[in-house]
Structure formats: structure tokens, C-alpha cells
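Trainee: So you can see what is in the structure, the chains are spelled out below.
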Amino acid sequence: MAKKVLKRILVSIPVLIGVMLILFLMLNVLPGDPVSVMMKEHAKPEVIERMTEEMGLNDPVMVRFFRYLWNALHGDFGTSYKLNRPVGALIANAFPNTLKLAIAAAIVAWVIGIPAGIISAIKQNTIIDRLFMGVSLVGVSMPVFWAALLFQYCFAYKWKLLPVSGVETWQSFILPAVVLGWSSAGTISRLTRCNLLEILQEDFIRTARAKGLRESAVIVGHAFKNALLPVVTMMAIQVASLLSGAVITESIFSIPGIGRLAVDAISSRDMPLLQGTVLFTTILIIAGNLLADVLYSLIDPRIRTEG
Amino acid sequence: MEQNNNGLSLMKEKIGLMMRQNKMAVFSALVILIIVIMAIFAPVFAPYDQTKQDLVNRLISPSFQHILGTDDLGRDIFSRMLYGARVSLSIGLFPTIASMLIGTVLGLIAGYYGKKIDFVIMRLADITLAFPSLLLAMVVMYTLGAGIINIFLAIVIVGWAQTARVVRSQTLALKESEYVEAARSIGVSNLKIMFRHILPNCIPSLIVLFTLNIPANILQESSLSFLGIGAQPPFTSWGLMVSDGKQYIFTDPWIAIAPGVAILVIALAFNFLGDGLRDILDPYMKEQ
Numbered sequence: 005m006a007k008k009v010l011k012r013i014l015v016s017i018p019v020l021i022g023v024m025l026i027l028f029l030m031l032n033v034l035p036g037d038p039v040s041v042m043m044k045e046h047a048k049p050e051v052i053e054r055m056t057e058e059m060g061l062n063d064p065v066m067v068r069f070f071r072y073l074w075n076a077l078h079g080d081f082g083t084s085y086k087l088n089r090p091v092g093a094l095i096a097n098a099f100p101n102t103l104k105l106a107i108a109a110a111i112v113a114w115v116i117g118i119p120a121g122i123i124s125a126i127k128q129n130t131i132i133d134r135l136f137m138g139v140s141l142v143g144v145s146m147p148v149f150w151a152a153l154l155f156q157y158c159f160a161y162k163w164k165l166l167p168v169s170g171v172e173t174w175q176s177f178i179l180p181a182v183v184l185g186w187s188s189a190g191t192i193s194r195l196t197r198c199n200l201l202e203i204l205q206e207d208f209i210r211t212a213r214a215k216g217l218r219e220s221a222v223i224v225g226h227a228f229k230n231a232l233l234p235v236v237t238m239m240a241i242q243v244a245s246l247l248s249g250a251v252i253t254e255s256i257f258s259i260p261g262i263g264r265l266a267v268d269a270i271s272s273r274d275m276p277l278l279q280g281t282v283l284f285t286t287i288l289i290i291a292g293n294l295l296a297d298v299l300y301s302l303i304d305p306r307i308r309t310e311g
Numbered sequence: 008m009e010q011n012n013n014g015l016s017l018m019k020e021k022i023g024l025m026m027r028q029n030k031m032a033v034f035s036a037l038v039i040l041i042i043v044i045m046a047i048f049a050p051v052f053a054p055y056d057q058t059k060q061d062l063v064n065r066l067i068s069p070s071f072q073h074i075l076g077t078d079d080l081g082r083d084i085f086s087r088m089l090y091g092a093r094v095s096l097s098i099g100l101f102p103t104i105a106s107m108l109i110g111t112v113l114g115l116i117a118g119y120y121g122k123k124i125d126f127v128i129m130r131l132a133d134i135t136l137a138f139p140s141l142l143l144a145m146v147v148m149y150t151l152g153a154g155i156i157n158i159f160l161a162i163v164i165v166g167w168a169q170t171a172r173v174v175r176s177q178t179l180a181l182k183e184s185e186y187v188e189a190a191r192s193i194g195v196s197n198l199k200i201m202f203r204h205i206l207p208n209c210i211p212s213l214i215v216l217f218t219l220n221i222p223a224n225i226l227q228e229s230s231l232s233f234l235g236i237g238a239q240p241p242f243t244s245w246g247l248m249v250s251d252g253k254q255y256i257f258t259d260p261w262i263a264i265a266p267g268v269a270i271l272v273i274a275l276a277f278n279f280l281g282d283g284l285r286d287i288l289d290p291y292m293k294e295q
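Protein chains in written order, with this note's numbering: chain A, 5 to 311; chain B, 8 to 295.
Okay, chain A solo, but in the shape it has when bound (with noise of 0.2 Å):
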């Protein structure tokens, strides 16, 4: 058990390398002038000239590259350059609001996508099942800014029952957290609904039934435990998707998170900034996939039995 973890983690290490390897490559091989974007128009073309030198942007790109893998190992993910502070540091400040929303829409996505998984399995085929299922599609066919945009103008602006951005008060989470968290519920209802169902057929459920359980007991004390396995670990790369979803949501609402600093990065040309916000998401989203994985096989005993 304990060696294949450690060989799942040894997996993601190339993954990551080759994350970061693409990522650099992409924002430092094309020309894209950064001493001219921090010095604005009026410098003179010496003061560049030697700027650029010092700052190493003359030697050949792969050099670069593993100046860049050396440093963000020990921490060091460059200076921003429109705000002239470590990169490290501002994801730091901006983490937490971006791990309250992804929490706070995680539980909205589990709260309804969870029972509403269950109820249209349950009732499959009805109306109710229909009903379920046509919402869950409309949360993955909606724009996430549409609808942060909408719930803005209703809850906030016509019926004023929540402030409009911010992150002062805990209220201020609820509109993006619901925003973000409604099309994650649409995924999870799918995938709780086509578990369960999958389940019911089963030979240990038909033997529950043969044995005169009443219909509930079945479902709650048989299908569930299994049915809800997978969604367990669905939840830690949800939890991933939601911390790099957040991008839009976070810059409507104006919550200083790491999405917001990765959009502040495009429109003011910043590149360190932009490499790190999405180095650092997507180093989440490897991690969460890797704990889904391990959760897994900690959960089920049939892949804990197997290698």
C-alpha cells in the first residue's frame, strides 16, 4: 500500500516538471519585453540594455529555465513586476480568500448535488429525475460570469439581501461561493445519480431486497456506502477545480484571491506573476488529484487489495 503511494507520488514529480518546463517556455520564448513593461515608456535604451543583462534575460532559455526550477525549489518564484514583491509572498496574501471560496462552494456543490444525485437515482425515469437532471445540465451549460452577474444585479442590487463584492463579512462569500459552487453541484448530482444506479443493479442489492428490507433500508444501509465512494474522492478534485475556477468569480466580486492576481497579471503584462499563480494552481490540482487517488485506494478495499 505504502509503495504504491510512494509510486504514485514519484509519477506526478515528471508531471510536474514538465508543467513547469511548458509553462516557461510558453511565457519566456516569445518576445514579450519585461524590463520595458517594468520601466515603463521613458526608459532609455542603455538603462534597458543593462537592466536586461542584469537580470539574466540574455542567457540561453533552458539555462534560464533551471535558474527558475532552482530558485522555486527553495521557495523563490521571482518578483512581480508590476508590484515589485516576491510572487511567493503575494500568492501567500491571497491564498486564504481564494481556499474560503473553493471551500465555501464546494459545500454548496455537495449540499445540492449530493441529495440531488440520490433522489433522481431513486426516482429514475420520473419527472422528478428529468427535472433534476435538466438543472444539473443548465449549472454546466451556464457562463460562470453570467451568472455571478445576475445574482449580483437580483440578491444584491434589486432585493439587496447580500453585498455585492468584497470580502469583509462571511455574507460577502455567499454569492460566488453559490455562483461557483452551482455548476460543480451539476457534475457531482450526475456522477452520484449514475453510481448509485449502477449499484442497484447489483447481486448483494437484489439479495437485500429478496430478504424482505424495506426499499430505504436498502438504499441507506446497502447502495449508499458504495454508491458514494467515488464522489468522496470526486470531492478532492473538485476542491482543486474550484481553487483554479475561482478565476472569474473572484475578479467580479472583487476578492483578492489568486485567480484575481492571475487576471491582474494578463492585463498588466505581468509575467513572474502569471507563471506563478498558474504554476501554483496547477501544482494544487496535481496534489488534489494524487490525494484522490490515495483516498481512494485508502477507501476501497478492493484496490487496497490488489499490488
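Honestly, the hints are just simulated from the structure, not real lab data. Any given hint could turn out to be false.
For the chain A half of the interface with chain B, some residues (derived, Cβ under 7 Å), not all of them [stated by the list, open to error]:
1. V19
2. L135
3. V139
4. L141
5. Y157
6. S272
Negatives, chain A to chain B, calculated, CB over 12 Å [stated by the list, open to error]:
7. K8
8. G60
9. G79
10. S271
11. T286
12. S301
Since the model is a prediction, treat every value here as computed from it, not as a measurement. All C-beta atoms in this analysis are idealised placements derived from N, C-alpha and C, irrespective of residue type, glycine included.
With chain A's structure known, arrange chain B on it following the hints.
Mentor: The following block gives chain B in isolation, referenced to the frame of chain A:
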């Protein structure tokens, strides 16, 4: 060959079955068709010139003259949406086709030849899929600059890997099947085996993937355009229109709401259709 023809005609039969049973999927196909026709014939259906500014009639609410109102420059929103549909739909369609073609070829090669080439292609796919897709697309747009052609490229760069994985896993299974074995034993070339014997059996899954990738890419484009790094004026797309309407959301909400509804409707229609197709075509989905 026999087997392939059977596979394809079976697929046609299944689609016919779906059309009789899944009314939602048929209705969705109809909605898509109507929107596509309106986008193609935008100049015919548009009541106004989409670029014509009319500052006297700016920000008017939906009325008989302007069924969806006008924006901050007095341009007719309905007309702009018809033209925006061209961008949104082309981005749903063309990059999806391109990324899936690339993904299919790479997946076939990886699955069929295996060994080193499989390792290289699949690790590249792992890395691509490790990135959150919106952020990767944002990085591509940052490097290449905003614009429609670059959105195409961003979507292709982000999108090929998923198809490659699906096609590879099916190729791995099909490669061992008896008819491929038979074809190989009578000396059919590798290329011919891949494209004439293995590929046709992947087509049902590819159709499903295609139908579900279109709305995903339409949403991707709209997000990029909303963030200001996608479509640029004079072009417009539904995402860009929502972005334009953002600043008027509290005073004149219809400017942002109307194009958003359009995105929702087209994405929903494709998702319903894709779901319907998956239920009948995808061998990995058990028919419930």
C-alpha cells in the same frame, strides 16, 4: 471491412432510435439548427446594421423597434447577437474539429505503436491535462495576444489531449481484437489498419466527445472574451457582449443578460444532444 460497415450502420440505427425516444435531444438539435441558420444568414435576419451607432437611442430597453434593446453606443443588441453567434459558433466548431483531429491521430499512433512514442505522447497529454484549462488558455492568449485566431490556437493546444486519451485507450483494446489480427496476418499495412479498421470503431465515442466539446469550447471562448483577452472589436462574440454590458448591469441589465442567455441556450442544447448520443453510442456507458 464487414465488421466496420456493420458498426457504422448499427450506429445509424441507434441514432434513429434516439430520435424516436429522446425528444429532448431532437428538440436540442432543432434549436442548434435554428441558431446556426440565423448566424449564417445574419445579414438577412438582423433588423439593423450591427455596427451602426445611434447615440440618440442608446441604452433603450427592449421594445418593438429594438426587441432586445440597444447598448451604450445605441447599437441594436439583437443584430449584434446574430453576428456574435458567428464568432461563438465558429469557435465552438472549428477549433474543436482541429483539436480532435490532432488528438485522434496522436491517440491512434500512441495506442497502436506503443512503446516510446506512446510514452512521449501520453506524458505530453498528462502535462496538458494537469493544467486547469482556462488558465492554460489564458497563458496562451497572454503569449500570442488577444484575437480570434489565437483563441482557435489556444483551444487546440488545450483540447487535443482528452481526445488522444480516449482514442488511445480504445485503440489499445481494438488492437488485440481478432479482425485486426486477421488483417495484420494477411499483410494489411499499419496505416490502413489504423485508419480503416480501428478508427471507424472509435467514431461513436468521438461523436459524443465532439458534441460535448463544442459547448465546453463555446464557454471557454466566452470566458476569455469576458476577461478581455478573447475576441476583439470590430468582431464581437457573446462573451464579449456580456463583458460590455457588465458596467451597466445594475441600470440596464438586459445588455449583459441577453447574450448570456444565448450562450446558455446553445451550450445547453449541445449538452442535451451530447447526453442523448452518449446514452446510445458510448460503449462505456451502460444502458440503464
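Trainee: Say whether it holds or is violated: A:T286 keeps its Cβ farther than 12 Å from all Cβ of chain B.
Mentor: Violated, because the least Cβ-Cβ distance between A:T286 and chain B comes to about 5 Å, which does not exceed 12 Å.
Trainee: Does the claim that A:S301 lies off the interface hold, with its Cβ farther than 12 Å from every Cβ of chain B?
Mentor: Label holds. Min Cβ-Cβ 19 Å, cutoff 12 Å.
Trainee: Let me know if the C-beta of A:L135 comes in closer than 7 Å to any C-beta of chain B, holds or violated.
Mentor: violated (12 Å)
Trainee: For the hint on A:L141, does the least C-beta distance to chain B fall short of 7 Å?
Mentor: holds (5 Å)
Trainee: Say whether it holds or is violated: A:G60 keeps its Cβ farther than 12 Å from all Cβ of chain B.
Mentor: At about 20 Å from chain B, A:G60 clears the 12 Å cut-off, so the statement holds.
Trainee: Does the no-contact call for A:S271 survive, Cβ to all of chain B over 12 Å?
Mentor: With a cut-off of 12 Å, A:S271 comes too close to chain B, as the shortest Cβ separation is near 7 Å.
Trainee: Regarding the hint that A:Y157 lies at the interface with chain B, is the smallest CB-CB distance below 7 Å?
Mentor: holds (5 Å)
Trainee: Against chain B, run the beta carbon of A:V19 and see if the smallest gap drops under 7 Å.
Mentor: holds (5 Å)
Trainee: Please check whether the beta-carbon of A:G79 is more than 12 Å away from every beta-carbon in chain B.
Mentor: holds (21 Å)
Trainee: How about A:V139: closest beta carbon in chain B under 7 Å, or not?
Mentor: Violated, about 11 Å.
Trainee: Hint validation: A:S272 versus chain B, beta carbon distance must be below 7 Å. Holds or violated?
Mentor: violated (11 Å)
Trainee: So A:K8 supposedly isn't at the interface. Is its beta-carbon more than 12 Å from every beta-carbon in chain B?
Mentor: holds (18 Å)
Checked against the numbered hints above, the structure violates hints 2, 3, 6, 10, 11; every other hint is satisfied.
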